[in-house]
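A.B. asks: Note that the protein sequences, when read in sequence, are chains S and R.
Sequential numbering of the first sequence, starting at 1, is according to the working numbering.
Sequential numbering of the second sequence, starting at 228, is according to the working numbering.
What the hints contain is simulated information worked out from the structure, not anything from laboratory work.
Keep in mind that a hint or two might mislead.
Here are some chain R residues pointing at chain S (derived, C-beta under 7 angstroms) [what the hints assert, rightly or not]: (1) 287; (2) 383; (3) 384; (4) 393; (5) 415; (6) 418; (7) 422; (8) 427; (9) 434; (10) 436.
Beyond 10 angstroms from chain S on every Cβ pair, some chain R residues (computed) [said to hold, decoys possible]: (11) 270; (12) 349; (13) 425.
All values derive from a computational prediction rather than experimental measurement.
Yeah, the Cβ is synthetic: ideal placement off N, Cα and C, and Gly gets one too.
Spelled out from the first residue to the last, the chains are:
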Amino acid sequence: MTLVLAPGTAALLALADQRLPSGGHVHSGGVEQAITDGLITGVQSLERFLERRLRTTGLVTAGLAAAAATITTPGQLQRLDREADARTPSPAQRLASRAQGRGLLRTAKATWAAPSTTLSWTDLGPRPHHPITLGCACAAGGVTPQGAALAAAYLSVSAPSTAAQRLLALDPVTVAAVTVRLGPAIEQVAAVAAHNLEFEHLPDDSDPLLDLLAERHAAREERLFAS
Amino acid sequence: MDSRIQIVAVHRRGRTVIESVRGGGHFAARQTGEGEIHLVGIAAGPLGGDHAVIDVHVRAGARLAVRSAGATIIQPGRLRPDSVIELNLRVDDDAQLDLATEPTVVCHGARHENHTTLTLSGSGQARVVEQVLLGRAYEGPGEWSGRTVLTRDGEPLLRHTLRSAVVAVGGTRVISTLVRTGLEKPEPATHGDAVALPLAGGGLLATATGADLLPVQIDLLAAEAISWRAAAADVAAAASSGSGS
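Starting from the given sequences, assemble the full structure and let the hints guide the process.
C.D. replies: Structure representation (structure tokens):
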């Protein structure tokens, strides 16, 4: 019996794994501040928060990752970097994205010689946006742009859900069930994001609440997570 | 109904002159001062099925302020709920646009889209304030989405879409945005439920949400003011510490 899977599926699983040492575990994606502000108090409010994050940040990062997976020239990388900046109005979120991009780049460099035959890892610069790095790593691992979108959409909810579990001491089984239940929504977001990969038409959905939480968090003195 | 109004302001002998106003349909433009026009709604709506385009072009050196005479009330049509207002703003080198219109009220049953494109060239600067209120008093909210694209010399500075389906939960009925360029080193700022965000490529985006227009407006303007005053205070502090050494 043969197993029929898209090539690169194992690489996709590895890149979407939270244990990948990209530094994602120190970022809560707004969850820490949302808990402080009383917006997340338990599993139900967490699920609503994650769905909101998926439909904005998740959709945008999925589009950027899918587009990055199609890139063949350094010039395109620079253009996509500016498109990512234009879709990330919050300085705190830009910082968090570039910090995680840098972390992921280290792992990608150690794993694959180059993102593609026409690009080198140094073309990404020292602090690339996370979804762009993720898309390039996907391309290197033979993952399709649609797969890259799926990884980005999944990561937009998985890392924050783990943060919430730690901060609120939630039952890990219940939190895992929330993430799994979001599966169809994650797939739908990834499909929408990867529909049109022309840079200027990539999704740019934003959430003023996430921007507000990110900036309130950045201005705080005491915090457990970097974002 | 499809409509289009085109407004061109030019700089002539040290003054801003409204060179032309063409078209109309949903809106008319009245000059209310030097370099100032008011948009006046001259037809109901836009209603479901309508597509209204407003083109404003501020040519090199001109300074234009755009206001409106009253709220824009978006209602569903008899056959369709969906309507679009497209706002195309071009600001040429050394020109300035200051656009702050009265709120757009999206009535229950309507589905409205705002597309705002702000195209700057050279040293052109702009301040654009848009406010949306979902539903009139004692009715449910309408559906709304707003996309704002800001570019300078073709480079993207902001691509930003807000949707009521995501944002308008838990009593949020008002969504306000402010885009401003030309501030020297604005800083991130929050005030109430408003946040001011310095963009990577220059310029500032402030957003505010809430249940009622007036408090949201106050939060929005406060966040804007804190953002550039904090920066101004830094400049002053640097200047005074520099002069002391």
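A.B. asks: With reference to the structure, classify each hint as holding or not holding.
C.D. replies: So, going through the hints one by one against the coordinates:
Hint status for residue 287/R relative to chain S: violated, with the closest Cβ pair at about 25 angstroms, above 7 angstroms. With 7 angstroms as the threshold, the beta carbon of residue 383/R comes within range of chain S, its nearest partner Cβ sitting at about 4 angstroms, so the hint holds. Using the Cβ-Cβ criterion of 7 angstroms, the hint placing residue 384/R at the interface with chain S is satisfied: the shortest such distance is roughly 6 angstroms. The closest approach between the C-beta of residue 393/R and any C-beta of chain S is roughly 6 angstroms, which is under the 7 angstroms cut-off, so the hint is satisfied.
The restraint placing residue 415/R at the interface with chain S holds, with a minimum CB-CB distance near 5 angstroms, inside the 7 angstroms limit. Hint status for residue 418/R relative to chain S: violated, with the closest Cβ pair at about 10 angstroms, above 7 angstroms. Taking 7 angstroms as the C-beta contact cut-off toward chain S, the hint placing residue 422/R at the interface holds, the least distance being around 4 angstroms. Against a cut-off of 7 angstroms between C-beta atoms, the interface hint on residue 427/R holds, since the closest Cβ of chain S lies about 4 angstroms away.
Taken as an interface hint, residue 434/R checks out: its beta carbon lies about 4 angstroms from the nearest beta carbon of chain S, inside 7 angstroms. A distance limit of 7 angstroms between C-beta atoms decides the matter here; for residue 436/R the minimum to chain S is near 5 angstroms, and the interface restraint holds. Residue 270/R, annotated as away from the interface, keeps every beta carbon of chain S farther than 10 angstroms; the closest lies near 31 angstroms. Look at residue 349/R: its CB is around 19 angstroms from the nearest CB on chain S, clear of 10 angstroms, so calling it non-interface holds up.
Not every C-beta of chain S lies more than 10 angstroms from that of residue 425/R, the closest at about 6 angstroms, which undercuts listing it as non-interface.
Hints 1, 6 and 13 from the earlier list are contradicted by this structure; the remaining hints agree with it.
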